[in-house]
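Residue strings, one per chain:
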Amino acid sequence: AQRVTQPEKLLSVFKGAPVELKCNYSYSGSPELFWYVQYSRQRLQLLLRHISRESIKGFTADLNKGETSFHLKKPFAQEEDSAMYYCALTSGSGNTGKLIFGQGTTLQVKP
Amino acid sequence: NAGVMQNPRHLVRRRGQEARLRCSPMKGHSHVYWYRQLPEEGLKFMVYLQKENIIDESGMPKERFSAEFPKEGPSILRIQQVVRGDSAAYFCASSPPGGWNTEAFFGQGTRLTVV
Numbered sequence: 001a002q003r004v005t006q007p008e009k010l011l012s013v014f015k016g017a018p019v020e021l022k023c024n025y026s027y028s029g030s031p032e033l034f035w036y037v038q039y040s041r042q043r044l045q046l047l048l049r050h051i052s053r054e055s056i057k058g059f060t061a062d063l064n065k066g067e068t069s070f071h072l073k074k075p076f077a078q079e080e081d082s083a084m085y086y087c088a089l090t091s092g093s094g095n096t097g098k099l100i101f102g103q104g105t106t107l108q109v110k111p
Numbered sequence: 001n002a003g004v005m006q007n008p009r010h011l012v013r014r015r016g017q018e019a020r021l022r023c024s025p026m027k028g029h030s031h032v033y034w035y036r037q038l039p040e041e042g043l044k045f046m047v048y049l050q051k052e053n054i055i056d057e058s059g060m061p062k063e064r065f066s067a068e069f070p071k072e073g074p075s076i077l078r079i080q081q082v083v084r085g086d087s088a089a090y091f092c093a094s095s096p097p098g099g100w101n102t103e104a105f106f107g108q109g110t111r112l113t114v115v
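Protein sequence lines, in the order shown, are assigned to chains A and B.
Each residue of the first sequence is one higher than the last, beginning at 1 in the numbering used here.
Each residue of the second sequence is one higher than the last, beginning at 1 in the numbering used here.
Rather than coming from a laboratory, the hints here were simulated on the basis of the structure.
Among the hints, erroneous ones may be present.
[As the list claims (entries may be wrong)] Calculated cross-link-like contacts (lysine-lysine; reagent style DSS-like; alpha-carbon spacing at most 27 Å):
hint	chain 1	residue 1	chain 2	residue 2
1	A	Lys65	B	Lys44
2	B	Lys44	A	Lys9
3	B	Lys71	B	Lys44
4	A	Lys73	A	Lys110
5	A	Lys73	B	Lys44
6	B	Lys71	A	Lys22
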């Protein structure tokens, strides 16, 4: 079955601490993986995608096909990183709007 | 560009009534996607439309739900005879034509409450 799993509902860290938001997926084929972020009272927006290999706002994510994981990492968390984070995948056929989302992880960065 | 606009932001309906949710895609976007988010869950794909065509409705419940994206005007998600279980946040996303290397942009959602 096609599935995205984010095992943590809530991750709470102190400012300056490293952050790792976990994402595992189950998909037969070559999916494209994304991280979306939703800040308080704002719309869901794309944070990064694995094919672009960019670092956005200090966040990186590496696709590990062996472990079927796409964990999101940041070495030093900032208070403004507090938000809801969703891992998602699409089939890789090019249709980037039909997404399978994980349940989401709330990141809380304490001062 | 105002982004993907959804209205209303909040909608309250009594059981048995109809709910109409609207989505205006970003300018230049011809692809629209609807998602539903039940409490404590992630977004679940419902339907993918292009102008005047339903491309993929694999996530739509078989009954009471329908969607359209007419040549003119917004995309509409229609829920007939709503039940309490329809209470959820409904999100719309749009993307430009082209597929590869495009990005889907999301609206702020409509929160439907069935009482």
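Taking the hints in turn, this is what the structure says about them:
For a cut-off of 27 Å, the pair hint linking lysine 65 of chain A to lysine 44 of chain B stands: about 24 Å separates their Cα positions. Note on lysine 44 of chain B and lysine 9 of chain A: the hinted pairing holds, with a Cα-Cα distance of about 17 Å set against a maximum of 27 Å. The suggested pairing of lysine 71 of chain B with lysine 44 of chain B holds, with an alpha-carbon distance near 26 Å, which does not exceed 27 Å. At roughly 17 Å between alpha-carbon atoms, lysine 73 of chain A and lysine 110 of chain A fall within 27 Å of each other, so this suggested pair holds.
Between the alpha carbons of lysine 73 of chain A and lysine 44 of chain B the distance comes to roughly 25 Å, so the proposed pair stays at or under 27 Å and holds. Between the alpha carbons of lysine 71 of chain B and lysine 22 of chain A the distance comes to roughly 42 Å, so the proposed pair goes past 27 Å and is violated.
In this structure, the one hint that does not hold is number 6.
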